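**Q** Listed below, chain by chain, are the residues.
Protein chains: 8
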Amino acid sequence: MTAGDPGYVDLGFARLDTHRVARTGDPEVVFAEGKTAEQTVRLLAELRTAHPERAALATRLPPGTVDAVLAAFPDALVDPVARCAAVGPLPEAVGTVCVVAAGTSDAPVAAEAAFTARAFGAGARRVDDVGVAGLHRLLAVRGELDSADCLIVVAGMEGALPSVVGGLTGVPIVAVPTSVGYGSSFDGLAALLAMLNSCAPGVVVCNIDNGFGAGVFAARVARQTARGSR
Amino acid sequence: MTAGDPGYVDLGFARLDTHRVARTGDPEVVFAEGKTAEQTVRLLAELRTAHPERAALATRLPPGTVDAVLAAFPDALVDPVARCAAVGPLPEAVGTVCVVAAGTSDAPVAAEAAFTARAFGAGARRVDDVGVAGLHRLLAVRGELDSADCLIVVAGMEGALPSVVGGLTGVPIVAVPTSVGYGSSFDGLAALLAMLNSCAPGVVVCNIDNGFGAGVFAARVARQTARGSR
Amino acid sequence: MTAGDPGYVDLGFARLDTHRVARTGDPEVVFAEGKTAEQTVRLLAELRTAHPERAALATRLPPGTVDAVLAAFPDALVDPVARCAAVGPLPEAVGTVCVVAAGTSDAPVAAEAAFTARAFGAGARRVDDVGVAGLHRLLAVRGELDSADCLIVVAGMEGALPSVVGGLTGVPIVAVPTSVGYGSSFDGLAALLAMLNSCAPGVVVCNIDNGFGAGVFAARVARQTARGSR
Amino acid sequence: MTAGDPGYVDLGFARLDTHRVARTGDPEVVFAEGKTAEQTVRLLAELRTAHPERAALATRLPPGTVDAVLAAFPDALVDPVARCAAVGPLPEAVGTVCVVAAGTSDAPVAAEAAFTARAFGAGARRVDDVGVAGLHRLLAVRGELDSADCLIVVAGMEGALPSVVGGLTGVPIVAVPTSVGYGSSFDGLAALLAMLNSCAPGVVVCNIDNGFGAGVFAARVARQTARGSR
Amino acid sequence: MTAGDPGYVDLGFARLDTHRVARTGDPEVVFAEGKTAEQTVRLLAELRTAHPERAALATRLPPGTVDAVLAAFPDALVDPVARCAAVGPLPEAVGTVCVVAAGTSDAPVAAEAAFTARAFGAGARRVDDVGVAGLHRLLAVRGELDSADCLIVVAGMEGALPSVVGGLTGVPIVAVPTSVGYGSSFDGLAALLAMLNSCAPGVVVCNIDNGFGAGVFAARVARQTARGSR
Amino acid sequence: MTAGDPGYVDLGFARLDTHRVARTGDPEVVFAEGKTAEQTVRLLAELRTAHPERAALATRLPPGTVDAVLAAFPDALVDPVARCAAVGPLPEAVGTVCVVAAGTSDAPVAAEAAFTARAFGAGARRVDDVGVAGLHRLLAVRGELDSADCLIVVAGMEGALPSVVGGLTGVPIVAVPTSVGYGSSFDGLAALLAMLNSCAPGVVVCNIDNGFGAGVFAARVARQTARGSR
Amino acid sequence: MTAGDPGYVDLGFARLDTHRVARTGDPEVVFAEGKTAEQTVRLLAELRTAHPERAALATRLPPGTVDAVLAAFPDALVDPVARCAAVGPLPEAVGTVCVVAAGTSDAPVAAEAAFTARAFGAGARRVDDVGVAGLHRLLAVRGELDSADCLIVVAGMEGALPSVVGGLTGVPIVAVPTSVGYGSSFDGLAALLAMLNSCAPGVVVCNIDNGFGAGVFAARVARQTARGSR
Amino acid sequence: MTAGDPGYVDLGFARLDTHRVARTGDPEVVFAEGKTAEQTVRLLAELRTAHPERAALATRLPPGTVDAVLAAFPDALVDPVARCAAVGPLPEAVGTVCVVAAGTSDAPVAAEAAFTARAFGAGARRVDDVGVAGLHRLLAVRGELDSADCLIVVAGMEGALPSVVGGLTGVPIVAVPTSVGYGSSFDGLAALLAMLNSCAPGVVVCNIDNGFGAGVFAARVARQTARGSR
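Residue numbers (the working numbering), protein chains in the order written: chain A, 31 to 260; chain B, 31 to 260; chain C, 31 to 260; chain D, 31 to 260; chain E, 31 to 260; chain F, 31 to 260; chain G, 31 to 260; chain H, 31 to 260.
Don't read these hints as lab results, they were simulated from the structure. Don't take each hint at face value.
Stated by the list, open to error - Computed beta-carbon distance windows for the label pairs:
1. H:Pro119 x B:Pro119: 51 to 61 Å
2. G:Leu120 x D:Glu122: 49 to 59 Å
3. B:Val111 x H:Arg78: 21 to 31 Å
Claimed, not checked - Part of the chain F face toward chain A, derived, beta carbon under 7 Å:
4. Ser135
5. Asp159
6. Gly164
7. His166
8. Gly213
9. Ser214
In this text the structure is predicted, and so the values were computed from the model without any measurement. Note that beta-carbon positions come from the ideal geometry of N, C-alpha and C, so glycine has one too.
Isolated chain A (complex conformation) (with noise of 0.2 Å):
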C-alpha cells in the first residue's frame, strides 16, 4: 500500500483486497453464490489485472454464471462438479494434497477442496467412496495416504472417517464434515459434531460443505513441507 494505492478496488459493490497477496502469498477469490454473473466475471478480470501471474478463482458457481465466466474467458479451466473457475495460468504444483471421501455422495465437495488446492499451488489427488462400513478400501490406499504432505478427509453421515485415518498415519489431517445425509444428521451437525471429537489427535475441522477452506489450508502446508525439503 503507497501514496497512490490504498490495497483495494473500489468498484461500487465490492472493495477488492488487492494487497491479499502481500499479506497472506495468496490472492482474493470470488465466492459466487448469492452474485450476479456480471459481478463475479468483473471481480475474475479484477484479479486477473491485479495478479496477472496467477489465475484468479472462482467458488460455488451458480449454473447460469459458468457459462457467463465462459464467454468472458473461453480458456477458464471449469470444474462443474467441483462449481469451480480458473482464469489464468495455474501456478506450479508444489507439495502433494490428497483429498480423501468417505462416499460417492461427498463428491462435490471432495472435488471443490481438490480444485482449491491445485488453484492454491499444490498437487491434488482424489480417492473416493472408502467409507469406514468396508474397511479394506481404505486400508488398500494406504500407501497414498502416507506419501501426501497433507490430507483432507471429507464425509457426511456420522463422520468417522477422519478418526480412522487418524489412527493410520501421522500425516496432517483436514477433516470436512458434509451435509450428507437425512434426518438427525441435521444438515452436517452430526458429522461436524464428531469431527471436532476425534478421538485421533492430529484432526481439525472445517465449516459444513467448506471444501475451499480445507483446500486452501493443505495448500499451504504442502507448499511449506515441499518447498522446504528442496
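Mind docking chains B, C, D, E, F, G and H on chain A? Use the hints.
**A** Then chains B, C, D, E, F, G and H, alone, in the frame of chain A:
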C-alpha cells in the same frame, strides 16, 4: 391380574408393577438414582417376594445405597463400577452378549450393560479399549465379535466405533453413546448423533450412558437366538 | 479378498463393497437419493453380478429412477410408497418382523421398513394406525405383537407408541421416529428424543425416517431367532 | 386503584402487586427461590395484611426459608416435598383437580401442583406412579380421571403419559414435563417436546417442573366448572 | 365396544377411532395435511356415518382438498383462512371462547382456533391485532376478555401477549405461539419459549401454530363452565 | 386518545396504531411480508391520512407489492435492494447514521438499515465490504466511523466486524447479524452469537437480518445527539 | 502511540490497553471473574496510573476480591449486589440512564448496569419490579421513562418487558435478558430470543446478564444526548 | 506388529497402543481426566518402557495426579497452568509453533497447546492478550506471526481473533475456541461457530478448549516444514 390381584403393589410412594413379568417375560427393575436407600431396599424386598425365582436388579446405586443394600441383603451381588446390585439367584445364562467399549472412561457404562445382560439371563463378556484410533486392537478380537449373539458397542467422543464394528460383522449391534468427552461433545450429544447416522446398516441406538437399556435389549435378542437353537 | 479380488469393484464414481456379504452376511445396498438414475441402475447391475443368488435392493428411489429401474429390470419388485426396489430372487423368509405404525402419515417409513426386512430375508407384516390416543386399537392386535420375532414401531409427533408397546410385550422393539408433525416436532426431533428416553426397557432407536436401518436390524434378529429354532 | 392506593406496595426490593386479586381473582404469590428468608417472610406478611381473607402462598422454598417461615408464622401449612407454604385460612375447596404422576421421582412437581391447586381454591387429589410401561395401573384409576374437573398430568423422560390419558378421557388436561431423566432427556426437554406434540387433542403444556403454574390454571378451570354447577 | 364393534373402522389406510366420542365426549377429527383428497373425503364420510348428530371436522386442508370436500359435501362449512371444513350440523354453542391475536399475520392460526372451538361446541369470537406495542388496543377490549369462559391468545415473534393478558384477567388462558417472524424467531421457537416462561400464572401453552389443539381445549373448558351454570 | 378517537383505526384485518407517534415520536410502519399488496397499499394510505406531515414507510416488500405501491403512489421512493418504500415527504435529516457492512452479500440488510434510518429522520451513509480479512479497508475509513452519531455494523458468517469496530471508536454501535453464510452459520446464528459476546464494550445487537430495527434505533440516537447540539 | 509508548502495558499475564481511551473515549475495564485477587488489584493500580483523572472500574468481583480491593484502595466505591468497584474520582454525570427491571431477582444485573453507566459518566437511576403481569406498576412510572436519555430494560423469564416499554416511549431501549427462570428458560435463552424478536421497533439487545455492556452503551448515548444540548 | 507383539499392551483397564508411533510417528498420550492417579502413573511408566527415546506426555492432570506423577517421576516436567506433564527427554525442537491468545483467561488452553507442541517435537512460543478490541497489540507482533511455521490462535467469547490473524498472514492457522465467556457464549459454542465460519481462508478449528489437539497438529506441520528445509 385376577379379582384379588390388581397387578401391582401399592407402596404409597410407588406402584410396583408385579404383572410385568407376565407381559414381557422380565420383572420390574429398581432405578435407584433419586430414591432414598430405604425406598430402594423396600422395592428390592417386594421384588424378591413377587419373583422369588429370579434375582431382583437395582441400577444407578448412589454410594450410600450400596451399603444399605448389602446390609439388608448380605448375599447381594454388587458391582461398584457398574453401580448395580442383584439380589437373589441369577437366571441361567442363555446365549452370549459381548460388550465392546472404545475407551477406558467408558467402563461404567460398559459394566452396567454387562451386569444387566447377565441379570436378564444372557451370558456377558467384555472387550475394552478398542477405539478406532488403533484399529489393530479391534481386528485382534474379531472372533469374539462374530461369536456373540448380540453386540453392545459403547463409545463417547465422536462415537465412531459402532460404524466400524458394523462393517466387520453381521451380528446385531446396539450402540450406546457415553457422556465421555468435553466441549462440543455436549455431554454425549456428538456421539449420540454419530451413532444415529451410522453408515453401517444394522446399528440401533440407546440413550446416552444407558447401559441398562442396552443390556435388557441385547439379553432378549441373545436369549431368543440361543433358545431357538437348542 | 484374494490376490485377484480386492473385495470391491471400482466404478469410478463408487467403490462397490462386494466383500460385505462375506463379513456381515448381507450384500451392500443402493441408497438412490442423490444418485443419478444411471448410477443406481449401474450399481444394481453390479450387485446382481456379484450376488446372483440374492435380490439387489435400492432404497429412497427418486420418481425418475423408478422408471429407469423398471426399464432396466422389468421383473423388479417396486413399492412406490416405500420408494424401494428389489431386483432378483428374494431370499427365503425366515422368522417374522412386525412393523407397527402410529398414524397413517407414517406409512412411507413403515413400508420401507417392511420392504427392507423382507429383502433381508425375514417375513414382514404390518399393523397400521394404532396410535396411543385410541389404545383399544393397539390392544386388539396384542397377539400379533407377541408372535413376532422382532417389532419395528414407527411414530412421529410425540413418539409415545414404542413406550406403550414396550410395556405390553417382551419382544425386542426397534423404534423409528418419523418427521411427521409440525412446529416443535422439529422434523422428528421430538419423537426421536422421546424414544431415546423411553421408560420401557428394551427399546432401541434408529435415525428419523430410517425404515431401512430398522428393517435390516430386525431381519437379522428375526433370522437368528427362527434359524436357531429349526 | 384509587387516589391513595397505587395498587402496589413498594417494599424497596419489590413492588408487591396488591391489585392483582381485583384484576384476576387471585392474589400475588411469593416465588421464594433466589430471595432471602427475610424477603420471603416480609412478602408473606404484606400479603396477609393486604388479603386477610385468604392464605398467602410461597413456593420453591429453600430449606432455610422453611424454618424462617415457620418461626414467623407458627400456623403455616408447609409441605416439604412440594417446597410450599400457605399462611392463613385456605379458601373453600370448589371443584376437583386430580394430579396424575408417571413415576415416583415426579413427586415434588406433583406435590407442588396439588398444594397450589388447593391454595387457589380447588380440591386436589393425587394418583402416583402410573407410567405407561404398566398401563393396567392407569386403567385401574379411570374413574378418578373422569370425575375430576381438570387433570394435571406430570411426567419426565419421554413424557408419554398425557397422550395416553388424553385418549381415555375428555376432562381438560394440563401436562407438566419434569426434569426427571438423564442423557438425551436434556433436563426435561424431551418430555416438554413430546407433550407439545401430543397426538391426543385437548392437552396443553406448562414449563418444565412448573407444578405451580399447572396448579393455578387447573384450579381456575375447576372453580369455574363447579361454581357454575351450583 | 361390543362383540361386534371393535371401536374402530378399518379403512385399510386408517383405523378410524369411532369409540373416541364415548371415551372423551368428542369424535375423531381429520388432519388433512399429508393425506390425499380422497382419503380426507372418505374419512369425513365415515365420521358422518358414525356420528350423524354432530359435524365432522377436517383441519389443515390443502387447497385441492377444499374443492374435493365441497364437491362431496356441498353443504360443508369451509373457512379458507382457517383451512378448516365442518360437514354436518354444528353442535349447540355452549359457553364462550375468545380468541385474541397479536398481529395480522397470526390470522390463520386464530381462525383455526375459533373454527375448532365452534365445531367442538363452544361459542367463539375473535379480537385481532392487539399486540403489546400498542397497549391501548388491548385495554380497549378488556370487557371482552373478562366475559369469556376461556381465552386463546395467539402471537408470534416475541410472544409477549399472553403474559400481558394474564396480568389483566383471571380467565384461563391458552397461549398459542405462531411461526410468524424471521431470523432468531426460529420458526416460532422464540414465542414458544416465551409463553412457557410467562411470569403471569395461569398461562398454558400449545404447539407452534396449533390453533386446533387450543380450540379443542378451550371449548371443553367453556362447555364445562357454561353447562355447569345452567 | 379522546372520546372520539380510540388511538387506532380498525381496518378489519388490522388495527392501525395511529397513536404511536404521540407516545414514541414515530408513526407505525408496514411490514409487508406476509401481507397482500392490497393490504399494504391500504395501510400506507391510512398512514398518509393519519400522518400527512411525514412519509409512510413499508419494509420487506414482496416483488409484486412494489408494483402495486408505485401504481398507487407514483411519487413513492422505492429501493429495490432494501425492499423498502417511503410515501410522502421524508423528514429533515438530523444527525448522521453510518452503516458499515462486512461483505457484498450483506447489502440488502445494510440498505434496509440506511433507508429506515433516513425515513426515521436521520442522515444515512454507507461503507461497504470492509470485512476483517482485509483490515486496511476498514482503517482507511476511520474518519467516517468517528464522525457519525451512531454506527450500524452489518456482518454475516463469523460476525467479527462489530468487535473490531468497537475497538476503534467510541461511537455507539448497533450490530446486525445477517444470514449470509452456509453450514454451521445456521442461517445467521453464528454471527448473532458472536455479536452478543463481543469483547468490545458498547456493542448492542438486533435480530438476524433486522436492518429495519437497527435503522430505527440508530436514527433515534442520532436525532437525540444532533438535536441536542443545536 | 508514540515511539516510546506501544499503547499498552505488558504485565506478563496481560497487555493492558492504555490507548483505548484515546480511541474510544473510555479506558479499559477489569473483568475480575476468573482472575486472581492479585491480578485484579494490579490491573486497577495500573489503570489508576494510566488514567488518574477517571475512576478505574472492575466488574464481576468474586467475594474474596472485594476484600482485596478494599484493602488496596480503602476509598474504593463498592456495590456488593452489582459486584462492581470503582477506584478514583467518578466522572461528572452527563445525561441520564434509567434502568428498569422486571423482577426482584433481576437486581444484580440492574445494579451492574446502573453502576457501570455512572462510572462511564452518565447519571443513573433505577425502577425495579415493574414486570408485565402488573402493568399499573409500569404505567405509574411513565414519566421516569420519558425523561431519560437512554433506557436499560432488564428481564428474565419470558423477557416481555422491553416490548411493552418500547410501545410506550421513543427513548432508545437497550434490553438485557437475565438468567432468571428455570426449565425452558434455558438460563436466559428464552428471554434473549424474545427480546431479539421484539415487535416494538427501537429495541436492541445485550448478552444474557450483561449489565456492564448495557451500561457502557447507554452511558455513551446519554452523554452524547446531553453534551449536545448544552 | 509381529507374531509376539500384538501392537498393544493389555493392562486390564486399558489397551495401550504401542504401535501408534510406527503408524503415525508419535506415541500414545495419557488423557488423565477421569483416570485415577494410579492409572495415569502406570500408563506413563508403560509409555516410558515402550518408547524410551521420547518423553511420555499426560494432559488434563487433576491436582492430585500432579503429586502422584511427581512422586513417581521426580524429573517430570510439569506445567500447572497447562495441567500437563512430560516424563523423559523432550524431542529436539524442529520448526516453530506460535500460540496466540486473545485474553488472559485463555491462558490454560494456550499453555496446553504450547506444552503439547513442544512435547511433540516443535519449538513453541506464546503471544498473550492480543484480543481484537485493541488491534495495535496484535499489529505490534506481526513479525512473530509471520516467522512461525504454524499458528495456534486461542480465543473465547466471540472468537474473532483467528479471522483477523488470517487476514494478516498466510501461515497456517489452527483456531481453538475456549469456554471463556458467559450467557450466550454457551460454554464456547459462540466462539466455535464463529471460527468455523471465518471469512479468512486458511483457518481450521479444534474442539472447545482442545489445546492438546491443536498442539499435536501444529507440531506436525512445523516439523514437516522445518525438516524439509534442512
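**Q** The structure should be examined with respect to each hint, and the outcome stated for every one.
**A** Now the hints, each set against the structure:
1. The hinted range of 51 to 61 Å is satisfied by Pro119 (chain H) and Pro119 (chain B), whose Cβ atoms lie roughly 57 Å apart.
2. The hinted range of 49 to 59 Å is satisfied by Leu120 (chain G) and Glu122 (chain D), whose Cβ atoms lie roughly 58 Å apart.
3. A hinted range of 21 to 31 Å holds for the C-beta pair Val111 (chain B) and Arg78 (chain H), which are about 28 Å apart.
4. Residue-level restraint check for Ser135 (chain F) holds (minimum Cβ-Cβ distance to chain A is 5 Å; threshold 7 Å).
5. Because the beta carbon of Asp159 (chain F) sits about 4 Å from the nearest beta carbon in chain A, less than 7 Å, this interface hint is met.
6. Below 7 Å, beta-carbon pairs count as interface contacts, and Gly164 (chain F) has one with chain A at about 4 Å; its hint therefore holds.
7. This hint holds: His166 (chain F) has a C-beta 5 Å from the nearest C-beta of chain A, less than the 7 Å allowed.
8. The criterion of a C-beta within 7 Å of any C-beta in chain A is met by Gly213 (chain F), whose closest approach is roughly 3 Å, and the hint holds.
9. Nearest Cβ of chain A to the Cβ of Ser214 (chain F): about 5 Å, under the 7 Å cut. The hint holds.
Of the hints listed earlier, there is not a single one the structure fails to meet.
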